[in-house]
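Chains as they are written, first to last, in UniProt numbering: chain A, 1 to 466; chain B, 1 to 466; chain C, 1 to 466; chain D, 1 to 466.
Take these hints with a grain of salt, some might be off.
Because identical chains cannot be distinguished in the list, a pair is counted as satisfied if it fits within a single copy or across any two copies.
In silico lysine-lysine, BS3-like type, Cα no more than 27 Å apart, as pairs [stated by the list, open to error]:
hint: 1; residue 1: Lys186; residue 2: Lys406
hint: 2; residue 1: Lys420; residue 2: Lys93
hint: 3; residue 1: Lys93; residue 2: Lys70
hint: 4; residue 1: Lys66; residue 2: Lys374
hint: 5; residue 1: Lys79; residue 2: Lys416
hint: 6; residue 1: Lys70; residue 2: Lys126
hint: 7; residue 1: Lys420; residue 2: Lys79
hint: 8; residue 1: Lys93; residue 2: Lys349
hint: 9; residue 1: Lys349; residue 2: Lys86
hint: 10; residue 1: Lys17; residue 2: Lys86
hint: 11; residue 1: Lys261; residue 2: Lys420
hint: 12; residue 1: Lys93; residue 2: Lys17
hint: 13; residue 1: Lys66; residue 2: Lys93
hint: 14; residue 1: Lys416; residue 2: Lys144
hint: 15; residue 1: Lys406; residue 2: Lys261
hint: 16; residue 1: Lys349; residue 2: Lys96
hint: 17; residue 1: Lys126; residue 2: Lys349
hint: 18; residue 1: Lys144; residue 2: Lys126
hint: 19; residue 1: Lys126; residue 2: Lys420
hint: 20; residue 1: Lys186; residue 2: Lys374
hint: 21; residue 1: Lys79; residue 2: Lys349
hint: 22; residue 1: Lys42; residue 2: Lys70
hint: 23; residue 1: Lys42; residue 2: Lys186
hint: 24; residue 1: Lys174; residue 2: Lys416
hint: 25; residue 1: Lys174; residue 2: Lys406
These are calculated hints, taken from the structure and not from any lab test.
Protein chains: 4
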Amino acid sequence: MPAISGNEYIERINQLKTTIWYNGEPLTGEISEHAAFKGAIKSQAALYDLQHDPELIDVMTYTSPKTGNKIGISYQQPKTQDDLIKRSQMIQKWAKTNHGMLGRSPDYMNSILMALSASASLLEGKENCFPENLINFYELAREKDLSFTHTFINPQVNRSPFYLEETDEPIAAKIIDEIDDGLVIKGARLLATQGGMTDEILVISPGGINDPDYAFAFSIPSDTNGLKFICRESFALGDREFNHPLSSRFEEMDAIVVFDKVVVPWDRVFFYKNIQVANSFLSQSAFRPFALHQVINRQIVKLEFIASVTEEIVQSIDISGYGHVHEKMAEIIIAIETMKALLLQAETKAAVDEFGLMRPDLTSLQVASCTFPKIYPRLIEIIQLLGASGMVTIPTESDFESSIRKDLDQYLQSAKHPAKDRVELFRRAWDLTMSPFATRQTQYERFFFGNPSTIASDLYQNYTFN
Amino acid sequence: MPAISGNEYIERINQLKTTIWYNGEPLTGEISEHAAFKGAIKSQAALYDLQHDPELIDVMTYTSPKTGNKIGISYQQPKTQDDLIKRSQMIQKWAKTNHGMLGRSPDYMNSILMALSASASLLEGKENCFPENLINFYELAREKDLSFTHTFINPQVNRSPFYLEETDEPIAAKIIDEIDDGLVIKGARLLATQGGMTDEILVISPGGINDPDYAFAFSIPSDTNGLKFICRESFALGDREFNHPLSSRFEEMDAIVVFDKVVVPWDRVFFYKNIQVANSFLSQSAFRPFALHQVINRQIVKLEFIASVTEEIVQSIDISGYGHVHEKMAEIIIAIETMKALLLQAETKAAVDEFGLMRPDLTSLQVASCTFPKIYPRLIEIIQLLGASGMVTIPTESDFESSIRKDLDQYLQSAKHPAKDRVELFRRAWDLTMSPFATRQTQYERFFFGNPSTIASDLYQNYTFN
Amino acid sequence: MPAISGNEYIERINQLKTTIWYNGEPLTGEISEHAAFKGAIKSQAALYDLQHDPELIDVMTYTSPKTGNKIGISYQQPKTQDDLIKRSQMIQKWAKTNHGMLGRSPDYMNSILMALSASASLLEGKENCFPENLINFYELAREKDLSFTHTFINPQVNRSPFYLEETDEPIAAKIIDEIDDGLVIKGARLLATQGGMTDEILVISPGGINDPDYAFAFSIPSDTNGLKFICRESFALGDREFNHPLSSRFEEMDAIVVFDKVVVPWDRVFFYKNIQVANSFLSQSAFRPFALHQVINRQIVKLEFIASVTEEIVQSIDISGYGHVHEKMAEIIIAIETMKALLLQAETKAAVDEFGLMRPDLTSLQVASCTFPKIYPRLIEIIQLLGASGMVTIPTESDFESSIRKDLDQYLQSAKHPAKDRVELFRRAWDLTMSPFATRQTQYERFFFGNPSTIASDLYQNYTFN
Amino acid sequence: MPAISGNEYIERINQLKTTIWYNGEPLTGEISEHAAFKGAIKSQAALYDLQHDPELIDVMTYTSPKTGNKIGISYQQPKTQDDLIKRSQMIQKWAKTNHGMLGRSPDYMNSILMALSASASLLEGKENCFPENLINFYELAREKDLSFTHTFINPQVNRSPFYLEETDEPIAAKIIDEIDDGLVIKGARLLATQGGMTDEILVISPGGINDPDYAFAFSIPSDTNGLKFICRESFALGDREFNHPLSSRFEEMDAIVVFDKVVVPWDRVFFYKNIQVANSFLSQSAFRPFALHQVINRQIVKLEFIASVTEEIVQSIDISGYGHVHEKMAEIIIAIETMKALLLQAETKAAVDEFGLMRPDLTSLQVASCTFPKIYPRLIEIIQLLGASGMVTIPTESDFESSIRKDLDQYLQSAKHPAKDRVELFRRAWDLTMSPFATRQTQYERFFFGNPSTIASDLYQNYTFN
């Protein structure tokens with residue numbers, strides 16, 4: 001089966017009987033029509049459709065080594081620098097359709113699954129490890145173009161450094177039994193972005209495991225029995241694109257994932273109850289360089305979008321004559337060029353790793369991943385500072401459709417724009433920086449790579465000084 | 001007539017036939033029941049009710065020198081340091097009921113009107129100036145406990161330093177005629193916070209006037225013929241207090257104010273077509289020290305609320321053992337104590353001014369007003385940093401009322417709180433830092449005193465070095 | 001004996017046979033004539049002389065409750081708010097003579113000794129504690145106007161959190177014996193500012209003591225047998241005031257203090273080998289509020305000096321028309337006014353403590369002590385930024401005395417100054433910000449109150465939220 | 001004549017009769033033996049010697065297209081990407097010998113002269129322009145391996161934006177006459193780094209010229225009649241390398257340059273009295289990309305030195321276990337990798353320009369040049385923060401040669417170093433961050449590329465948004 005189309009994606013998701021709770025009610029009906037999901041599903045479908053654009057066929061897909069089908073490049077194991085550059089082009093192509101706002105577009109998880117399965121040899125001959133399950137599952141996912149959510153963290157019950165969970169009923173998801181059909185999991189995990197709108201959920205222990213019951217890695221279909229996704233409030237405030245140009249299209253849901261005695265079939269278990277493997281697999285595998293590579297590519301596209309919105313505001317209200325505006329615009333340019341240069345360095349210094357993958361330079365990517373969470377909130381702030389009162393002078397499209405329009409046309413025009421265009425611009429800026437969608441994006445980017453101190457420590461402790 | 005009650009306020013506002021446009025439609029029906037206004041109106045009414053609390057009568061009111069009625073202290077001309085301290089107590093008392101979130105609670109405009117009228121002597125004997133109108137109107141407002149919105153800035157059409165408006169039809173509001181009944185005004189002004197939910201609108205030119213047609217100061221009822229308030233989208237996302245504890249109660253609207261050949265009666269004109277007065281009245285009057293004095297008091301209450309929410313998060317998820325948490329909490333404490341110390345200094349160094357007012361020390365207040373716009377966004381960021389994933393793990397009250405509650409109870413409990421209390425806390429933190437209401441608050445505080453460079457220049461240029 | 005004069009101070013120091021090593025040689029001859037010490041000694045003598053200025057007698061001294069002599073106010077136990085304000089006035093008066101550059105002017109240690117002896121009741125009835133020694137010694141010091149250096153920290157051998165010293169020979173000073181004559185101390189301590197140029201050295205354990213051999217507090221004369229002061233390189237680069245206007249006068253030495261089997265007489269021991277007392281005495285005593293109170297007063301004077309130098313540069317090269325200059329000057333003003341306001345708050349909220357002292361509010365002082373180490377380096381940087389190339393265009397006084405002067409007069413004049421005055425100004429700015437004296441001042445202020453994280457933790461952990 | 005050796009450089013400089021004033025006296029005797037110059041001259045000579053190292057001949061030199069001699073690569077006009085990379089290697093090789101501390105090592109001016117002469121066609125056919133003089137002079141300099149100082153800025157008399165010099169006697173250097181022998185120049189310019197220790201001085205107007213008398217570009221020998229170099233105080237505090245490991249070797253002098261009716265021979269004039277050319281030549285020529293390319297290469301070497309010193313301190317006192325140390329070390333790594341990535345991007349995106357030069361990408365270099373002045377002072381601060389009290393505990397080599405050594409050996413040892421090594425390390429850190437040499441380096445790097453706002457404006461105004 002070749003790379004899927006948008007419709008195939010939507011149909012497959014609609015057919016699943018996934019248990020999703022939203023605002024006190026279980027979802028019924030097609031998820032692709034639900035207000036909290038339809039924007040992101042439609043945008044995601046558009047990504048899949050690009051795989052079938054005749055002009056982009058070689059940008060978006062490659063030939064399956066197994067079936068000869070044209071399949072998505074994010075599933076490809078890159079062997080050459082050229083493969084790596086193609087991978088970047090594909091990622092950026094997708095990201096441009098959503099301005100880098102879909103943090104969990106399918107290429108992210110596809111890249112991770114590719115990297116993990118390429119590293120399956122790390123599981124060879126280890127207790128309770130099933131490298132062949134991992135490889136088989138990767139091939140299945142690749143050929144079927146499966147989509148994924150995942151969860152890496154435990155509930156935020158207690159963040160004390162000395163906390164060990166000791167409750168009768170599990171809170172963090174754990175193995176409570178092993179039966180003929182598979183592992184039995186009970187408890188919860190956070191936060192599944194796109195939870196409910198993907199084929200599968202991939203679950204991996206991130207390290208720091210002391211108790212074998214918390215050591216596992218597997219993937220199961222979203223509608224597995226006992227699996228529940230509990231959504232937060234949606235940040236899609238409406239579906240008119242003029243009013244909410246970003247959130248109406250790119251709001252990905254975040255869900256708490258509850259495992260209510262979920263049975264994970266044995267052929268979907270990659271490892272379990274092996275503390276040593278649970279604590280080392282992610283860091284020893286090709287996971288980090290390839291996950292970071294996808295993310296940095298997406299973030300560059302996002303920065304370019306931020307730059308274009310900001311420059312448009314500067315031109316619109318004609319503030320390009322101020323020194324402080326130059327300094328703020330220079331900050332944005334510095335951000336973009338720094339991220340691009342680090343990506344270039346990562347690819348220029350790429351080398352074939354122990355798994356035969358052309359692996360981008362991890363240090364360069366780590367530096368980028370330490371840089372972005374600091375600059376993103378600052379760039380968001382710059383837009384607010386330059387937009388000033390314009391950021392709250394935001395009537396709606398309905399106002400422009402009413403008799404009050406002639407007042408708006410007169411009083412909200414700008415130096416370069418008629419009123420409606422100008423309000424459209426400032427609403428875009430608002431949805432990028434001040435809407436609940438926007439603030440969630442900021443929070444998301446800030447913590448994407450984990451705790452800032454931890455990623456700084458990682459960088460330092462793995463760095464070789466000249 | 002003594003200080004009004006909440007009901008009197010609501011009735012008076014409801015009776016006005018103010019023209020308000022919201023989302024493409026003119027408001028009909030009672031404004032106090034309209035989703036976009038009802039929260040703030042109810043919270044404002046609660047302020048007025050405090051004036052009738054028997055235990056607070058001496059905190060909230062003083063005896064009118066004219067009528068002997070008990071009237072609001074914010075209207076009082078302070079003559080002694082004790083008056084000043086009582087003024088602070090009153091302001092903080094009101095602010096505490098809304099955590100300092102009502103930026104335009106009535107004491108703000110009351111203080112301004114008091115200060116302006118006390119400075120009326122500046123208008124004596126000047127062309128087109130009517131100091132007695134100002135004094136009479138202050139007394140009217142004081143005795144009737146009138147509420148106000150106001151506008152100080154022109155539309156953001158073009159912010160170029162070289163821009164001069166040259167259009168056939170006015171954009172910024174200007175005098176287009178003088179008739180027997182008064183001045184005729186056409187054009188628009190930004191941004192009337194609480195626009196539509198007050199008795200009156202006060203309009204004053206802020207300086208920088210080159211053309212006499214833009215030089216004026218007056219006050220007119222909100223329902224004056226030809227006056228229109230065009231609202232932005234509301235940031236009250238719902239009216240359940242659990243879900244949106246702040247925005248459901250404290251969302252003040254911001255409106256564009258359109259003057260469509262509005263006639264300002266002569267007895268409501270304070271001055272007009274006097275460029276020299278227009279450019280100097282605000283800065284030479286007692287306006288700044290008393291406006292700042294009200295604001296700093298409110299902001300201190302807001303900081304204390306921020307501190308309490310943050311400390312509650314720290315305790316809830318038990319992160320008080322981390323050094324970086326201490327440093328962030330110390331930042332908050334430093335912010336509070338610095339603002340309090342500056343207010344104390346302003347009051348300790350207060351002196352009787354040329355108008356006979358006990359005027360707080362302007363430098364201390366200016367320093368506070370340079371400090372707050374920098375620290376407020378940082379404290380908001382600190383809450384986001386400490387709240388981390390908890391800031392987006394926010395199911396709704398409906399979830400807690402459904403059968404999914406038992407999962408929430410188990411998986412969203414925190415070290416110190418059962419799940420519902422913990423979600424209530426994090427929703428409060430979200431509404432304080434990440435909701436559209438929150439981001440508008442940040443934008444509002446950032447620009448409250450005007451452009452940061454301008455307020456820094458003001459401070460420097462008026463400072464005497466030892 | 002009343003408060004001493006400058007000459008009395010110099011004579012007393014010269015008569016001591018203190019062992020001081022400088023640049024590979026022991027000092028011989030009078031210390032007051034030694035290039036590394038003479039500037040600071042002369043400046044310190046000037047402080048003592050102020051005590052005899054007839055016009056300042058009531059500002060600088062009070063009447064000894066024991067002898068009726070006029071003695072230094074820094075030794076006074078303040079009982080009233082007025083005492084506290086007088087104390088501040090005295091401290092600022094002294095500090096102004098050296099622009100706050102003498103970090104260890106005698107009032108610092110006098111205040112500490114006053115506070116410790118007032119807290120002597122904490123030692124009552126505890127093992128190996130001698131409160132009467134402390135009180136007697138305080139009275140002796142007060143009546144003789146003794147001067148002090150002190151040391152609070154151990155050598156920086158190993159700063160690992162897990163380090164415990166385990167060497168055959170002591171590194172950090174410790175008790176190695178108790179004999180009839182007193183305690184025997186061996187080892188070293190850091191960093192004695194003014195080490196060698198004071199009558200006495202006060203040594204107190206700062207807390208964190210695990211081994212009773214490190215638990216002690218005492219004072220001994222600087223020339224005690226076995227006591228050695230090993231100096232760093234001097235930062236007084238020359239003695240011409242034009243060339244080095246600050247360092248030629250205010251360079252205080254820092255010395256490593258070596259105890260080579262030093263015998264501390266029993267009557268000079270305040271406590272020893274009592275771990276509980278060693279770890280709690282400083283924090284439970286009145287030490288912190290009074291030490292901080294002296295320091296904040298001095299730092300305010302220093303900030304005012306920084307402000308005056310900066311403003312003089314701005315005027316000299318006529319840059320007061322730039323917005324970025326206003327913003328930087330505003331930063332300086334904010335720094336001064338914030339520190340003053342916090343001091344005012346500390347004094348306004350002062351209350352009588354358990355020892356009968358009128359104790360300034362500790363929180364306000366702690367906030368100031370968290371603030372200053374951040375703003376001081378920034379203000380230093382501002383001077384460098386505004387001074388720009390002028391900071392390195394610094395010929396010497398000899399140049400102005402040579403035939404090249406006419407070129408300097410023409411080419412180094414500024415908008416407001418003839419060349420020599422302008423170079424004098426920029427040399428002052430250089431000596432304040434870029435000389436070795438200047439960088440040591442920055443380092444000193446940065447760490448004055450200890451590690452920034454620690455003082456932030458202290459602030460948070462002792463704060464009561466509303 | 002091939003690339004010169006160190007001795008040839010020294011002999012040539014010593015033979016010049018350059019007029020240099022230092023501390024009120026004209027230099028007599030050999031400049032290479034003068035305390036204020038000998039360190040830098042020796043270090044510079046070492047650079048020239050590298051050109052004769054048989055193993056480095058191909059790294060340091062190329063074959064003159066004119067004479068077939070081996071001449072310095074910094075004079076080469078790069079035509080290919082390989083040329084560019086060789087240029088970088090040569091620059092870094094030189095810089096490593098002085099840790100990037102020689103800001104004006106010969107490659108800097110050589111690169112500039114190369115770039116200017118390659119751009120000579122811009123002067124073709126323009127009034128008072130002599131492109132052939134520029135080309136001839138470049139070839140002369142290249143073949144003789146001449147060394148240069150230069151001056152780009154006018155005296156800091158008045159920095160007001162509205163200042164125009166109007167004095168009887170010139171202050172800023174200007175043309176006062178044209179005679180048969182050449183232009184006559186009177187006035188001064190700032191700041192000639194290495195002024196007096198080079199063969200020639202290159203003088204170019206930087207733009208912003210309104211008066212043709214200030215429009216000129218030329219080069220003359222340092223000992224031209226009427227030319228005077230007036231030095232600032234030297235920052236070489238001594239010549240023992242242990243005590244002052246950097247300043248004793250790398251202190252470059254800064255001098256005021258006085259033109260006392262200096263005659264510039266016509267064949268050394270590149271252009272004069274052409275305002276349009278004076279204002280555009282530097283920016284239109286290849287000057288900026290090649291000057292920046294040299295600087296960024298040098299700064300990367302400097303960052304690596306900073307990193308190595310900091311890491312050595314961390315290891316020495318064993319503080320690598322602290323989170324805040326990791327964060328600070330990560331900042332350093334981020335700085336290095338960001339600068340390297342930007343250089344890589346500049347070279348990867350290099351393209352042949354209108355003059356046939358392989359020109360590195362200017363935007364990437366501009367971004368680096370906006371970044372470095374911000375990070376350099378911060379990294380210097382990090383060393384001070386980590387070094388803490390160790391930064392002032394710095395006895396001298398003489399102390400280690402005296403009998404006090406045994407105390408130092410015991411009390412100043414560190415976790416990883418014997419005392420003398422540890423003091424050597426901290427003295428190095430002091431000379432890098434806190435000596436007058438260090439603070440001048442910081443000031444120099446901060447302003448190297450000019451005013452930070454200006455370089456930000458340049459970046460923004462020339463950037464093309466996607």
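Here's how the hints hold up against the structure:
no. : hint            : result
1   : Lys186 x Lys406 : between (60 Å within a copy, 14 Å between copies)
2   : Lys420 x Lys93  : neither (29 Å within a copy, 43 Å between copies)
3   : Lys93 x Lys70   : within (17 Å within a copy, 50 Å between copies)
4   : Lys66 x Lys374  : neither (43 Å within a copy, 53 Å between copies)
5   : Lys79 x Lys416  : neither (49 Å within a copy, 44 Å between copies)
6   : Lys70 x Lys126  : neither (35 Å within a copy, 62 Å between copies)
7   : Lys420 x Lys79  : neither (50 Å within a copy, 51 Å between copies)
8   : Lys93 x Lys349  : both (23 Å within a copy, 21 Å between copies)
9   : Lys349 x Lys86  : both (16 Å within a copy, 18 Å between copies)
10  : Lys17 x Lys86   : neither (36 Å within a copy, 63 Å between copies)
11  : Lys261 x Lys420 : between (54 Å within a copy, 24 Å between copies)
12  : Lys93 x Lys17   : neither (32 Å within a copy, 54 Å between copies)
13  : Lys66 x Lys93   : within (26 Å within a copy, 51 Å between copies)
14  : Lys416 x Lys144 : neither (49 Å within a copy, 46 Å between copies)
15  : Lys406 x Lys261 : between (61 Å within a copy, 15 Å between copies)
16  : Lys349 x Lys96  : both (26 Å within a copy, 23 Å between copies)
17  : Lys126 x Lys349 : neither (32 Å within a copy, 47 Å between copies)
18  : Lys144 x Lys126 : neither (29 Å within a copy, 69 Å between copies)
19  : Lys126 x Lys420 : neither (64 Å within a copy, 43 Å between copies)
20  : Lys186 x Lys374 : neither (37 Å within a copy, 46 Å between copies)
21  : Lys79 x Lys349  : both (14 Å within a copy, 24 Å between copies)
22  : Lys42 x Lys70   : within (23 Å within a copy, 62 Å between copies)
23  : Lys42 x Lys186  : neither (33 Å within a copy, 46 Å between copies)
24  : Lys174 x Lys416 : between (59 Å within a copy, 23 Å between copies)
25  : Lys174 x Lys406 : between (62 Å within a copy, 18 Å between copies)
Hint compliance for this structure: hints 2, 4, 5, 6, 7, 10, 12, 14, 17, 18, 19, 20 and 23 are broken, all remaining hints hold.
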